[in-house]
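Student: Protein chains in written order, with the numbering used here: chain A, 1 to 227; chain B, 1 to 227.
Derived from the structure by calculation, the hints contain no laboratory data.
Among these hints, one or two may not hold up.
Unchecked claim - Each computed DSBU-like pair below joins lysine-lysine, with the alpha-carbon atoms no more than 30 Å apart:
hint, chain 1, residue 1, chain 2, residue 2
1, B, LYS18, B, LYS49
2, B, LYS97, B, LYS69
3, A, LYS18, A, LYS97
4, A, LYS97, A, LYS59
5, B, LYS178, A, LYS97
6, B, LYS97, B, LYS59
7, B, LYS97, B, LYS178
8, A, LYS129, A, LYS178
9, A, LYS69, B, LYS178
10, B, LYS59, B, LYS49
11, B, LYS69, A, LYS178
12, A, LYS178, B, LYS13
Stated by the list, open to error - Far from chain A, some chain B residues (derived; all Cβ distances over 10 Å):
hint, residue
13, GLU21
14, PHE57
15, ARG93
16, GLU130
17, HIS146
18, ARG217
19, GLU218
On a predicted model such as this, the values are computed, not experimentally measured, just so you know.
For each residue, glycine too, the CB sits at the ideal point set by N, CA and C.
Protein chains: 2
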Amino acid sequence: MMRLRVIFPSARKVYPDKEVELRTATLRNFCGPNTQLEFSYPDEGETFKQNLTWDDFIKAIPHFVLAAKQAEAEGVDAIMIHCVYDPGYEEIRRAVKIPVVGFGQAVFNAALQIAPRFGIIAPNDSLLKEANDVMDQYRVRDRLAHMEPLNVQLPEAHLRGEELRRRSVDIARRCREKGAGVVIPFGMALIPTHLRTEDIRESAGIPVLNPAQIGIREAEIIMEAVA
Amino acid sequence: MMRLRVIFPSARKVYPDKEVELRTATLRNFCGPNTQLEFSYPDEGETFKQNLTWDDFIKAIPHFVLAAKQAEAEGVDAIMIHCVYDPGYEEIRRAVKIPVVGFGQAVFNAALQIAPRFGIIAPNDSLLKEANDVMDQYRVRDRLAHMEPLNVQLPEAHLRGEELRRRSVDIARRCREKGAGVVIPFGMALIPTHLRTEDIRESAGIPVLNPAQIGIREAEIIMEAVA
């Protein structure tokens, strides 16, 4: 049995119970029979909020590192942060010896093997610069065909399902028109937590990657490789 | 059921039956229950030989492309070339619409999620420059801690098992001493076909990735993502 611990980006008290249920169920869906999926939270950090900016992540990163160290001390086999932006990825990796698997890194790697150019459904205008930073970090920015933000606020996602679906499909279609062969939904909190990637794909006619599915499967490969 | 076709880098007549049996068994080992693993060969191409150089691959690449087109026409879901150098990867991808998964790309991606720097057990002096080219292609050369060639000729591998094992362990140890956190064996034909990565790891004390295992699992993620 391999222990994979996913660290949420906000403190536990920030999330409504329903949001936690949805996120954990979404990830459990993709675990193989040998994976024990665990969850933990930083002591501080608020990224599930209106008008989220990267400053909110910066404040939380030291607490992600502490949560990662605790996971290592407790004997888990690999760590992930529940966010496609892979916040704190480098800082956490310097702090622990066990593998740190990025949902973002995993999904970019998959995208590049599916098509030469990808599109991105971004969460918000306020995080567009950082979406470019993540592409730079993984050296894939030149493969971007089109990117556009949803601008549906995280805490309102459960109230705005139809708008979320419609905007996602519109953006995915434009990605296809602009030469993308595959679409990456960025964030994890909106897609695939509140909207299934299959629903976007069916209407938009282009493969839409599921970062939860790909990240969990990639973590399983990694854990198996170093077991 | 998903159909994954692995194209060997040489024409069928070039390989002894025993070599084909070993290679296909090594890959089948790592397939999940929903993968139908198929093999094919280019009409021309000789890379299983003494003093292999990149020129041998260059001559074969047009035939890899033809074999890939045929695979697509026959309805397979994804294609791989049986070589960690991913020969012809870009050319094949331009020629077909289905995913082309690289053993090399997959194993580099895994290595980067395991440790900040990797070491490489290279096959031959004659392919060292091209090992650097592949790292450039995937933009990971700055993560290399140490690389050293085995210099055990491919067609002699079955006769020189103990030397292959000893040299692999020595190189993996030096990778560890020079700061690598994980070792990538390059080639596929020598390792893992003729030497198990577990045998190197146990003696060298550093994780040694299995490109066959990681590549097949990665291809399964990709096929599932676009299914």
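Student: Each of the hints needs a verdict: does it hold here or not?
Tutor: Going through the hints against the structure:
no. : hint                 : result
1   : LYS18/B to LYS49/B   : holds, 15 Å
2   : LYS97/B to LYS69/B   : holds, 9 Å
3   : LYS18/A to LYS97/A   : violated, 33 Å
4   : LYS97/A to LYS59/A   : holds, 23 Å
5   : LYS178/B to LYS97/A  : holds, 17 Å
6   : LYS97/B to LYS59/B   : holds, 23 Å
7   : LYS97/B to LYS178/B  : violated, 41 Å
8   : LYS129/A to LYS178/A : holds, 20 Å
9   : LYS69/A to LYS178/B  : holds, 25 Å
10  : LYS59/B to LYS49/B   : holds, 14 Å
11  : LYS69/B to LYS178/A  : holds, 25 Å
12  : LYS178/A to LYS13/B  : violated, 45 Å
13  : GLU21                : holds, 25 Å
14  : PHE57                : holds, 20 Å
15  : ARG93                : violated, 6 Å
16  : GLU130               : holds, 20 Å
17  : HIS146               : holds, 19 Å
18  : ARG217               : violated, 5 Å
19  : GLU218               : violated, 7 Å
Of the numbered hints stated above, those contradicted by the structure are hints 3, 7, 12, 15, 18 and 19, listed in ascending order.
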